[in-house]
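**Q** In case you want the letters, here they are:
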Amino acid sequence: MSEEPRYSLPGVETQKGFVPAVVRYLDSRIGLAGFLSVLRKKEVPVHKHAVWYYVGGITLFFFVMQLLTGFLLLVYYQPTAPHESVQAIVSQVEFGWLVRSVHSWSANLMVVSAFVHMFSVFFMRAYHGKRDLLWYSGILLLMLAFGLGFTGYALPGDEVAYFATKVGLDVAASTPGVGSTIANLLRGGEDITTTTFQRLFALHAAVLPVLFMPILFLHLWLVQRHGNHVPEDLKPESIKQVPFFPTFFLNELIVWLLCLNLLTVLAAIFPWELGAAADPLKPAPLGIHPEWYYMAQFQLLKLMPSEIGPVPGELVGMGLFTAAAGAWALVPLFDRTAKRARRVLYGGFAALTGLIVLTIWGYLAI
Amino acid sequence: MSYPVWEVPWMGSGWIIGLIATVHVFIAQFAVGGGLYLPMLERHSRLTNDPGMRVWLKTHAKFFLVLTAAVSAPLGVGIWFAISLVHPVATATLIRTYVLFWAMEWVFFLVEVVALVFYYYSWDKVSTKTHEKIGWIYFASSWGSLFVINGILSSMLTSGSLPDTGDPWGGFFNATFWPTLILRTAISFALAAIWSFWTAAPLDDEELQARIMRWSARWMLPAFLLMAPCGYWAFTALPQNAKEILVGGMAGTASGTNSILTRVGMILVMTTVTVSAVVYIGPYKNPKRFERGLATGLLGLAFLASMSTEWVREVVRKPYVIQGVLYSSGVRVDDVDRQNREGHLASTTWALTWRDLGENTPHRTGAAMFRSQCLPCHTRDGYRAMSKLLAGRDRAAIRAFLDVISETDRSKNTYLRFMPPLVGTADEKDALAAYLTTLVPREPEH
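Going down the list, the protein sequences come from chains A and B. Position one of the first sequence corresponds to residue 1 (the numbering used here), numbered consecutively onward. Position one of the second sequence corresponds to residue 1001 (the numbering used here), numbered consecutively onward.
A couple of the hints might just be wrong.
[Unchecked claim] Okay, derived cross-link-like pairs now, PhoX-like style, lysine-lysine, Cα gap no bigger than 20 angstroms in a straight line: (1) B:K1062 / B:K1133; (2) A:K240 / B:K1288; (3) A:K41 / B:K1288; (4) A:K48 / B:K1288.
[Said to hold, decoys possible] A partial selection of chain B residues facing chain A, derived with a Cβ cut-off under 7 angstroms: (5) L1261; (6) R1263; (7) I1267; (8) M1270; (9) T1271; (10) T1274; (11) V1278; (12) R1289; (13) G1297; (14) L1301; (15) G1324.
These are calculated hints, taken from the structure and not from any lab test. Note that the structure is a prediction, hence the values are computed from the model and not measured. We treat Cβ as the ideally placed atom computed from N, Cα and C, and that holds for glycine.
Generate coordinates for the entire structure from the input sequences, incorporating the hints supplied.
**A** Right under this line is the structure:
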């Protein structure tokens, strides 16, 4: 029986120099060799749909950018003076405008790539069998990303942010039962005040990230455990295996570099604007609307009549969307036979089409 | 100016030139660098006895022929159409000044096209050494073409002794001629390799793909080493005004964001550095698995770098189209005083006779002034929109602003760094102020 090399970097045990010394040090403390060995053994399938494997990594990249720029914004942002502090960030802090712009753009790009990742996983049936926990953790991460988006959108305290947040919280308050309690808890009362910004800031910068991180690590660990899913309809001879490290890793690195450039170009050429400070006594400006990823829900609510029978139309709309989102999240429970798989596929197409149509409709109706 | 004014709503006429020219330059520089790449790699395959590489090279040469001759060359013609519509005075001036140089360029181009056709269609029909010589002829003529065009283009930015003496040679061999020539040559070599990654990426033979990728990645090294010093050399040779507006944005503007020129300059540096990083990580370190999608991304990045370079070059030239000779508004530098005395519209017949200017005389005069002197760089509601730039100003404020930008003394008019002086009589400026007031959006009523 051949003995496994102790180190993933051949000869590192006897090599002199700084890097081998660091590798030996880390191996003796944290078992680095084992980790490197896992990386060396891990393989990624290559086939005609393999391009979708990059999208999860892209989402992760944009999240990392969120963290890095978020740390920098944290230094200057003040929830007690939201608009003034953001104004100072973009006009007085050196490159503050760029950091804020990168933060906002990467948030939006992260949601875009998360959506693409989710639908690619769905249409390749990568949620099937033992991968169901990957799907559930992914859905949880998306929900938390939505929460981060909603709380972050409010923080600049400008006119659009203020009134969009007000509308969002009013909608939440109309939920029967706990709705008004949750809305009041978030607002810190009946109205949006400085307390609201403090609470949303606490959620955005502390509570939601603390919830996000362990689920993210679980998600990544599950990917590592189960490997990349190969669509069932592919012939085995059309699939090649390449090592994750360095082959796939280097390609992923290139994709990240391309994403970094895309992000920088967007942030530099189209800096995120800051509107006038919100004035609660003023009427809401015309065309107030939420971020694009809430637009489908927003439009659905607008389409609802004021009442459907004895039930308020808004409530029916919220119920419909919640039911659809719930069914979507629980799809691994339903998709257990070939016949059901086809139905799920059609349902997925319908959901995607519905989201796109409602979103476009929402923007056209502003 | 006695040419018709071409109004392009929303995007502005300048972008028509910009879009055509950027694509043309991106491919045309590949045509120059590829001209050396083809015979060099052919020679390498002969010396290393690598027939597989030569087979791929023929496919690459076909792609090269189609892209450079069938796509890029018509775009070059498109640039002539576009500049003659957007900047007819500048086009006429460049033709008259450099007529001999255009003739040289035309000869180079003709030889280039003929040599390229011979190069591809004589494949395997003449000896490999003869074939390589045809490739060398192609490269020499394509680089000659770049030599001439670069002299004319760079003279628009740093015109040397042209404004004083009218001597075309004094304008051609100007301060930025050599650094930009070497820089463009280096860029063209880099593009030759970047396009080759794209055509080699889907090869079935992984070993062959790896050999081509590695050789091409090494080929890029001198280009990368030359780019930074040549870029700096070109920067130091720029007029003081251009240097100021290029680095001035770093100090920050009122809005807190660095000036758009500086931001694009940052993008240029970032994309160029990223291209080199991607080439090292991908084609050099991981040549067997550098896929078509990644190669396309790399091409996109290189295009962005090229586009940023050309955009920066265009903008640092402001307020001139040809430095010291012609302002970007189409007014000759030596004609400013006369037009201030006699009226700008006395020289702009076509701006006045535009069919939809209306009957009202002051409005008609103001609209004609706007078309003639503002539209070359601005639009009403789109790119560099007047409605946005003048927002919040009433007629009196706009009139006062027009007086400021009419000054030809830089200490009184800081806009002269990037905006030509407004020329015309007081009546014409009154009419322009009245017209501009109609473009300013009114405050919405609640």
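**Q** Confirm or reject each hint.
**A** Results for each hint:
About 18 angstroms separates the Cα atoms of K1062 of chain B and K1133 of chain B, which keeps this hinted pair within 20 angstroms; it holds. A C-alpha spacing of about 13 angstroms is found between K240 of chain A and K1288 of chain B, which places the hinted pair at or below 20 angstroms, so the restraint holds. The suggested pairing of K41 of chain A with K1288 of chain B holds, with an alpha-carbon distance near 19 angstroms, which does not exceed 20 angstroms. Distance hint between K48 of chain A and K1288 of chain B is fulfilled; the C-alpha atoms sit about 17 angstroms from each other, no more than 20 angstroms.
Interface restraint check for L1261 of chain B: the shortest CB-CB distance to chain A comes to about 11 angstroms, outside 7 angstroms, so the restraint is violated. For the restraint placing R1263 of chain B at the interface with chain A, the shortest Cβ-Cβ distance is roughly 4 angstroms, inside the 7 angstroms limit, so the hint holds. Restraint check, I1267 of chain B versus chain A: the minimum CB separation of about 6 angstroms is within 7 angstroms; hint holds. Nearest Cβ of chain A to the Cβ of M1270 of chain B: about 6 angstroms, under the 7 angstroms cut. The hint holds.
Contact between T1271 of chain B and chain A, as hinted, is supported at the beta carbon level, the nearest pair being about 6 angstroms apart and thus within 7 angstroms. Taken as an interface hint, T1274 of chain B checks out: its beta carbon lies about 5 angstroms from the nearest beta carbon of chain A, inside 7 angstroms. Here the hint on V1278 of chain B is kept, as its CB sits about 5 angstroms from the closest CB of chain A, short of 7 angstroms. Hint status for R1289 of chain B: holds, given a least beta-carbon distance of 5 angstroms to chain A, under 7 angstroms.
Evaluation of the G1297 of chain B hint against chain A yields a held restraint, the C-beta minimum of about 5 angstroms falling below 7 angstroms. Of the supplied interface hints, the one on L1301 of chain B holds, with its beta-carbon coming within about 6 angstroms of a beta-carbon of chain A, less than 7 angstroms. A cut of 7 angstroms between beta carbons decides the hint on G1324 of chain B: the least distance to chain A is about 31 angstroms, and the hint is violated.
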